[in-house]
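Asker: So the protein sequences, as listed, match chains C and F.
Sequence positions in the first sequence follow this note's numbering and run 512 to 622.
Sequence positions in the second sequence follow this note's numbering and run 4 to 117.
Bear in mind the hints are in silico, worked out from the structure with no lab data behind them.
Any given hint might turn out to be false.
[To be verified] With a Cα cut of at most 30 Å, we get these calculated BS3-like pairs of lysine-lysine:
id, chain 1, residue 1, chain 2, residue 2
1, C, Lys614, F, Lys12
2, F, Lys12, C, Lys587
3, C, Lys579, C, Lys568
4, C, Lys587, F, Lys60
5, C, Lys614, F, Lys60
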Amino acid sequence: GQNIDQPTEMTATEGAIVQINCTYQTSGFNGLFWYQQHAGEAPTFLSYNVLDGLEEKGRFSSFLSRSKGYSYLLLKELQMKDSASYLCALGPGAGSYQLTFGKGTKLSVIP
Amino acid sequence: DSGVTQTPKHLITATGQRVTLRCSPRSGDLSVYWYQQSLDQGLQFLIQYYNGEERAKGNILERFSAQQFPDLHSELNLSSLELGDSALYFCASSVAPGVGETQYFGPGTRLLVL
């Protein structure tokens, strides 16, 4: 099976940097996704890591370490509109095609 | 806008009833996924179709069924509804059910069972 842990809630200040961690246990997966979800809206794709290391995309970066079962999402120059839930998801593994989502981290950005 | 459409946006019904949720994938996507999101459970995978055929089943109750039609739209049927079925139901699509394929989510259907 698969198990994903993320902090339930975080608060950060506008303009700051925040790191959202995700730890997981799995028997196998091909990559790790991060999605952003505003309250009541659809999850939107942010990033995908298949290899260990850092992937940078504008203000957002995502890191993966397979040996440590660990990933993080780094958000820089926080804006009020970044207040949302951030979902870590394990990509398909052997014989499966679905994503397995963590429960998400609700980020509140304050002035 | 992801390009995935879902109808209806909101649905209010009573226990014991049956409802149908509809999803149209992005143009060119052959794979459709259904997820249920409730406050305490997060996003739970229900079922996946690829080009009209069922490919994978997750935590889908026997009271729930789905299908994907030749035009690639999909329907999720929920029957004998219970209060606990109240949730957001999302459809997602991808080009194919392969490794690394990003899933794009529709706006969801909010179901309230009274």
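Asker: Each hint should be assessed against the structure and marked as holding or not.
Answerer: How the hints compare with the structure:
Note on Lys614/C and Lys12/F: the hinted pairing holds, with a Cα-Cα distance of about 23 Å set against a maximum of 30 Å. With a CA separation close to 33 Å, the supplied pair Lys12/F and Lys587/C exceeds the 30 Å bound. At most 30 Å may separate the alpha-carbon atoms for a hinted pair to count; Lys579/C and Lys568/C meet this at roughly 23 Å. At roughly 38 Å between alpha-carbon atoms, Lys587/C and Lys60/F are farther apart than 30 Å, so this suggested pair is violated.
Between Lys614/C and Lys60/F the alpha-carbon distance is near 20 Å, which keeps this suggested pair within the 30 Å criterion.
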